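Trainee: Let the sequences and hints guide you as you build the complete structure.
Number of protein chains: 2
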Amino acid sequence: MNGLMMQQSLLISSLLTHAERHHGEQLIVSRRVEGDLHRYTFRDMAERARRGANALAGLGVQAGDRVGTVAWNGYRHMELYYSASGSGAVLHTLNPRLHPEQLAWIVGHAEDKVLCFDLTFLPLIEAVAAKLASVKHFVLMTDRAHMPAASKIANLLCYEELLEAASPDYDWPQLDEQSAASLCYTSGTTGNPKGALYSQRSTVLHSFAVALPDALNCSARDVILPVVPMFHVNAWGLPYAACLTGSRLVFPGPALDGKSLHDLFESEGVTVSAGVPTVWQGLLAHMEAHGLSFSTMRRTVIGGSACPPSMMSAFQQRFGVQVLHAWGMTEMSPLGTVCQLKRQHEGLAQAAQEAVQAKQGRPVFGVDMKVVGEDGAELPRDGRSAGELLVRGPWVIQRYFKDEGGDPLVYADGQGWFPTGDVATLDADGFMQITDRSKDVIKSGGEWIGSIDLENIAMAHPAVAMAACIGVAHPKWDERPLLVVVKKPGAELTADALLQFYEGKIAKWWTPDDVVFVEAIPLGATGKMQKNKLREQFARQLSN
Amino acid sequence: MNGLMMQQSLLISSLLTHAERHHGEQLIVSRRVEGDLHRYTFRDMAERARRGANALAGLGVQAGDRVGTVAWNGYRHMELYYSASGSGAVLHTLNPRLHPEQLAWIVGHAEDKVLCFDLTFLPLIEAVAAKLASVKHFVLMTDRAHMPAASKIANLLCYEELLEAASPDYDWPQLDEQSAASLCYTSGTTGNPKGALYSQRSTVLHSFAVALPDALNCSARDVILPVVPMFHVNAWGLPYAACLTGSRLVFPGPALDGKSLHDLFESEGVTVSAGVPTVWQGLLAHMEAHGLSFSTMRRTVIGGSACPPSMMSAFQQRFGVQVLHAWGMTEMSPLGTVCQLKRQHEGLAQAAQEAVQAKQGRPVFGVDMKVVGEDGAELPRDGRSAGELLVRGPWVIQRYFKDEGGDPLVYADGQGWFPTGDVATLDADGFMQITDRSKDVIKSGGEWIGSIDLENIAMAHPAVAMAACIGVAHPKWDERPLLVVVKKPGAELTADALLQFYEGKIAKWWTPDDVVFVEAIPLGATGKMQKNKLREQFARQLSN
Numbered sequence: 001m002n003g004l005m006m007q008q009s010l011l012i013s014s015l016l017t018h019a020e021r022h023h024g025e026q027l028i029v030s031r032r033v034e035g036d037l038h039r040y041t042f043r044d045m046a047e048r049a050r051r052g053a054n055a056l057a058g059l060g061v062q063a064g065d066r067v068g069t070v071a072w073n074g075y076r077h078m079e080l081y082y083s084a085s086g087s088g089a090v091l092h093t094l095n096p097r098l099h100p101e102q103l104a105w106i107v108g109h110a111e112d113k114v115l116c117f118d119l120t121f122l123p124l125i126e127a128v129a130a131k132l133a134s135v136k137h138f139v140l141m142t143d144r145a146h147m148p149a150a151s152k153i154a155n156l157l158c159y160e161e162l163l164e165a166a167s168p169d170y171d172w173p174q175l176d177e178q179s180a181a182s183l184c185y186t187s188g189t190t191g192n193p194k195g196a197l198y199s200q201r202s203t204v205l206h207s208f209a210v211a212l213p214d215a216l217n218c219s220a221r222d223v224i225l226p227v228v229p230m231f232h233v234n235a236w237g238l239p240y241a242a243c244l245t246g247s248r249l250v251f252p253g254p255a256l257d258g259k260s261l262h263d264l265f266e267s268e269g270v271t272v273s274a275g276v277p278t279v280w281q282g283l284l285a286h287m288e289a290h291g292l293s294f295s296t297m298r299r300t301v302i303g304g305s306a307c308p309p310s311m312m313s314a315f316q317q318r319f320g321v322q323v324l325h326a327w328g329m330t331e332m333s334p335l336g337t338v339c340q341l342k343r344q345h346e347g348l349a350q351a352a353q354e355a356v357q358a359k360q361g362r363p364v365f366g367v368d369m370k371v372v373g374e375d376g377a378e379l380p381r382d383g384r385s386a387g388e389l390l391v392r393g394p395w396v397i398q399r400y401f402k403d404e405g406g407d408p409l410v411y412a413d414g415q416g417w418f419p420t421g422d423v424a425t426l427d428a429d430g431f432m433q434i435t436d437r438s439k440d441v442i443k444s445g446g447e448w449i450g451s452i453d454l455e456n457i458a459m460a461h462p463a464v465a466m467a468a469c470i471g472v473a474h475p476k477w478d479e480r481p482l483l484v485v486v487k488k489p490g491a492e493l494t495a496d497a498l499l500q501f502y503e504g505k506i507a508k509w510w511t512p513d514d515v516v517f518v519e520a521i522p523l524g525a526t527g528k529m530q531k532n533k534l535r536e537q538f539a540r541q542l543s544n
Numbered sequence: 001m002n003g004l005m006m007q008q009s010l011l012i013s014s015l016l017t018h019a020e021r022h023h024g025e026q027l028i029v030s031r032r033v034e035g036d037l038h039r040y041t042f043r044d045m046a047e048r049a050r051r052g053a054n055a056l057a058g059l060g061v062q063a064g065d066r067v068g069t070v071a072w073n074g075y076r077h078m079e080l081y082y083s084a085s086g087s088g089a090v091l092h093t094l095n096p097r098l099h100p101e102q103l104a105w106i107v108g109h110a111e112d113k114v115l116c117f118d119l120t121f122l123p124l125i126e127a128v129a130a131k132l133a134s135v136k137h138f139v140l141m142t143d144r145a146h147m148p149a150a151s152k153i154a155n156l157l158c159y160e161e162l163l164e165a166a167s168p169d170y171d172w173p174q175l176d177e178q179s180a181a182s183l184c185y186t187s188g189t190t191g192n193p194k195g196a197l198y199s200q201r202s203t204v205l206h207s208f209a210v211a212l213p214d215a216l217n218c219s220a221r222d223v224i225l226p227v228v229p230m231f232h233v234n235a236w237g238l239p240y241a242a243c244l245t246g247s248r249l250v251f252p253g254p255a256l257d258g259k260s261l262h263d264l265f266e267s268e269g270v271t272v273s274a275g276v277p278t279v280w281q282g283l284l285a286h287m288e289a290h291g292l293s294f295s296t297m298r299r300t301v302i303g304g305s306a307c308p309p310s311m312m313s314a315f316q317q318r319f320g321v322q323v324l325h326a327w328g329m330t331e332m333s334p335l336g337t338v339c340q341l342k343r344q345h346e347g348l349a350q351a352a353q354e355a356v357q358a359k360q361g362r363p364v365f366g367v368d369m370k371v372v373g374e375d376g377a378e379l380p381r382d383g384r385s386a387g388e389l390l391v392r393g394p395w396v397i398q399r400y401f402k403d404e405g406g407d408p409l410v411y412a413d414g415q416g417w418f419p420t421g422d423v424a425t426l427d428a429d430g431f432m433q434i435t436d437r438s439k440d441v442i443k444s445g446g447e448w449i450g451s452i453d454l455e456n457i458a459m460a461h462p463a464v465a466m467a468a469c470i471g472v473a474h475p476k477w478d479e480r481p482l483l484v485v486v487k488k489p490g491a492e493l494t495a496d497a498l499l500q501f502y503e504g505k506i507a508k509w510w511t512p513d514d515v516v517f518v519e520a521i522p523l524g525a526t527g528k529m530q531k532n533k534l535r536e537q538f539a540r541q542l543s544n
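One line per chain: the protein sequences are S and P, in this order.
Note that my numbering has the first sequence beginning at 1, numbered continuously upward.
Note that my numbering has the second sequence beginning at 1, numbered continuously upward.
Worth flagging that the hints you see were computed from the coordinates, not collected in a lab.
Predicted, not measured: the structure shown is a model, and the values here were computed from it.
Not one of these hints is a red herring.
According to the in silico footprint, chain P covers these stretches of chain S (three or more CB under 8 Å from chain P): (1) 8-21; (2) 194-200.
The calculated label-pair distances, taken between Cβ atoms and stated as ranges, are: (3) Pro475/S with Gln174/P: 49 to 55 Å; (4) Asp478/S with Pro173/P: 44 to 50 Å; (5) Tyr40/P with Ala539/S: 54 to 60 Å; (6) Gln317/P with Ser293/S: 32 to 38 Å.
Listing some non-contacts, in silico: residues in chain S with all C-beta distances to chain P over 10 Å: (7) Arg39; (8) Ala166; (9) Glu266; (10) Val321; (11) Ala358; (12) Gly373; (13) Gly383; (14) Arg384; (15) Ser438; (16) Asp453; (17) Ala460; (18) His461; (19) His474; (20) Glu519; (21) Ile521; (22) Pro522.
Ideal Cβ positions, reconstructed from N, Cα and C, are used throughout, including at glycine.
Mentor: What follows is the structure in C-alpha cells.
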C-alpha cells in the first residue's frame, strides 16, 4: 500500500522558484572579472535564468545535453546552474586550472554542446577551441562592450546578448527527479578523469543536508561567501542551498588573494564562508601581516584537505570565527561529514573542543559510512581502528559517467558501498577522522603511519608554511616517512630543530627520518598537495 | 538521461539507523504513566524497536497493516513509531480525547489489526473493545507488574513481555519509499474524520524540513521536549527529526499541567519545546503565579492555532524564550510555515520584530503556497490581499485514505493544490498570515472581517483568559462580530470596557457589536476552539 501524499519530483528549478517567491529581494553580490561589484536580487536572477533557459533552447540544447562552463564564482555562473539544470540540460563545470590538453579531453568526453566561459578564460579556450569538436556554440559570459573585436573562435556568442534576445517567460519542465542535472569530473592523479553525474533528486536532497544546523547551518540571516569554486563540486552545494534557505550570496570572482577576500568579507558583512586550507593560509597571512580582524564573520567551513590544527586555532582563538571541519568527495556531491560539536562538548575547554574539531566530523543524515580492514571486514567504531572508509547514500555515486572504470562499488551485507580511498577511524559518537589517503599511507615495518598527523605537527611549528609527509623506500622498514617543508618567508629552521619538535608529540618510530626544504609544494587543480609528484621527486632521498 | 547516483529509498528506518550509529549514547527521557522518569539511549531504543518489529511480525502484522496506538508522548510510543513504520506496517496514532464512539469508528475505518495503548487508556479501550472488530490483538504498553489482574479484554497482551520474547536481531526491509508509513485522522468538525496517509518518502523529506535552521532548528546540542502529542500529526515530526539530528528527547507523558512541564524543563535542561497555545497558557500562568523563570529554554514553537501576541511577548520579553510561530495541517505532515526572522529584521526593535513574528511565517522549502480570490485567481503577494490559502508539496496530501471525500484538490496551471480552508495573506518577503478559517470568516456588508485579529486584541486585555470571535446573523449587514470571552479568575471586566479597548486598534466597523462572558469556551480534541459550537449557542444573540 502506498502513501497518499503528492507525487512531486525533487527538482533544481523548485529551489529557484522558492527563492524567487519567498526571498525575491535577497541580494546576490558578485565581484566581476571586469573588476567591479555587481548586485542584484534573487528575483532578477530567476528572470535571467528563465531567459537563459530560452536562450539555451534557441541554441538547440535539448534534455540531457551537456552545457559546459569555465567560470569563476559569479552571478552569470549561478544563472547557468539554474538555466541549464532547470531546463533538463546537464550543467558541466570545468576546472580552468587543468592543463589545456586535459580540459579539451574532458570536454570531448562529456560531449559538451555549448561552452560558456568568463572573459579571463578566452585565451585558454581560444587555444583549444579547434580540438573541441563536440561544441556547437561558444558563449563568452560578458556583455557586448567587453566582447573582443576579433577572436580565433568563429561565431563567438555574447552571453548578455543571448539573454536580452530571449523571452523572460519560461515554464520550468516537470522533469523526472532521476534526470541528470550536473556533471563534475574528478581530478584523478592517475588515469583519465572520470565524471560524476548528479541527478535532480540527489542535488535537492544534498541541498537539504548542506543547510542543516549541524552541517553548514544556512539561514535567511546568513551572508555566504563561497570561496570554494563553483567549478569544484558545485561549490559544495552552496549555490543550491542558498536558494533553499534564502541566504545572501557574495561571489568573489577571480579575486581570491587574502586582501581581496578580507575586503569583501568586511564590506559585505559576510557571516559564513567555505574553502580549502590553502586559500585560508593566504587570508590568515594577510590578516596577521596587517593586524586585521573580522567584524561579521561567524564561521568558516574548511574542507578539501584536512584542516591543520594550527589554522583552526588561528581562526577560532585569534579571530573568533568558528571552524567547521568538513569532508566530502566529488563522488559524494560532495558532503559527507561536518564537525559540529555535540552537547557533551559544550562545556569543554577550547583545547579539548579543538581536539574534537580536528576530526572531519559526523555524517550528515543520508550518508552512511563504515571502515573496513584489508579483509573487507568492518572495524569497530572505537576511534582507534583505522581502515578504508566506505560510504553510501542517495547523493553518493553508483557508476561513473559512460561507465568509465566499471562498477566502482564494493558489496557487503547485500549493499553497495563506494570505497573512498581514504583511511579513517570512526568513534562511538559518530565522528570520523581521516588518517590518510590509502595511496599516501606510509607502511613501515608492517605498521601504518598516518601522514596527516605528521604534517599537522610540522604545520604547528611557527616557521613552517606548508608540509607534506611521504613514504620513501627503506631497505629494512619497507618505507619510512620523509617530511617536505616550505618555510615561512624569512624564517630560519633546520631539519634537526624540526625533528626535535616532534618529541613527545607522537610515537618515536613515527618521527620522520629526514626533512627536505623546498620552495613550493606542487598543488593540483583543486588546491590539494600532489604527493605523487613529491614521491617521484624524492624517491631516493633516504638511500642517498 | 538519468543521473548516476545511488538509488536509495528514503526510509524511516534509516533515521533510526543513523541515530543508533552516530548518536547511540544520546538520551531519551520519558515521564511514564506510572509516574517515574525513565531514561535510556537511542541505542537502547533502536534495539527495542527491532524487538518490536519482530513482535509485530509474530502477531501476524504484514506490510501495509495498520497498527493503532492510543498513547502519550513516551519512549514506548517512540519505539512503535519505528517498529511499525520501519517494518512496513502503518502506524496509526489515535487521539484519546475523541469521543469513544468516534474513536471506535476511526479504528474500524482504519481497520487497525493491532491496538497498543497506555495504562491510562485501559478503561477507555475496555469500554469500546467489543466494537473494534478489526483488532486481532490488544497490547497494553506496560510491564507485567502493571498488568491488570483481570480485564474485560480477553487475551490482553503485555508490551514488555512481547519485547522480551522477541529477538533483537532484525534487518529493516528495503521498502519502496512510496510505501505508506503512518496514518492520522483529521478532527473534522463536520462529517466523519478523514485519514491522511503519509509515506516513507514524505516523512523523511518532512524531517529534513523540520530540522532546518529556519524551521525548528534541531541539532545534536538541543534537548527537545515535544508537548504537542505524538497522537497529533506525529508531534509535528519531532520524533523523526530528533533521530535525523541526534537531539536529546524529553517526553512529558500525561503530565501536561504548568507545574509538571516547568519542573521537567528545568530538571532536564530542555532547550526547545513545541505545542499549542492552550498548553502554553497553563505553563505561563503557573510561572507567573510562582515567580519562576527558565534556565535553559531557548525557543518554543507555537502552532495548531494562532499564537496571541500577548503570549508571544510574555515568552520573549518576560522569560527570554524565542517564540517560533508555526503553521501546518494534518494534511501537510504537518509543517507548512515557520516564522523565523530575516536578516533585515535583525536590527529592528522588539515590538517591530514581534509584528513580523505575529505572522505564521515563511514556507519551508518543499511547500509552495498561494492565495486565491473567490474566482480562483491568484491574489498579489502584498501582505494585504486575503484569500483562500492553497498549498502543494511532496508532504502535502493528494487523496484521503480510502478516497473519502473524493479528490480534495483544486487545479490551476496544470497543478493540483490542496485548499487549506484557511484565509490568509502572503507578503513579498514570503511571510504568510492567517486571517481566519474560511468557515469562521465574518462577512459584514460584503466585506470580510478577520476573527483572529479581533481575538488577539481581546487576549491582550489583562482581564481576558480566552476569547473567540464569531459572526452572527444581522438583518442589515448579513453578519456582525460577537465576542465570546472567558475572564481570568477573579478579574473584573464589563462588555463596554472591553469594547472601548478596541478603539484605535482597528477599523471602527470591525469592532464587535457585543461581548458575552462565559465560563469556558469548548475546545476540540486537539485543543482548538470549537467556534461552530459557539455559533450554534449564540445564533440569536444580537437579535435578542
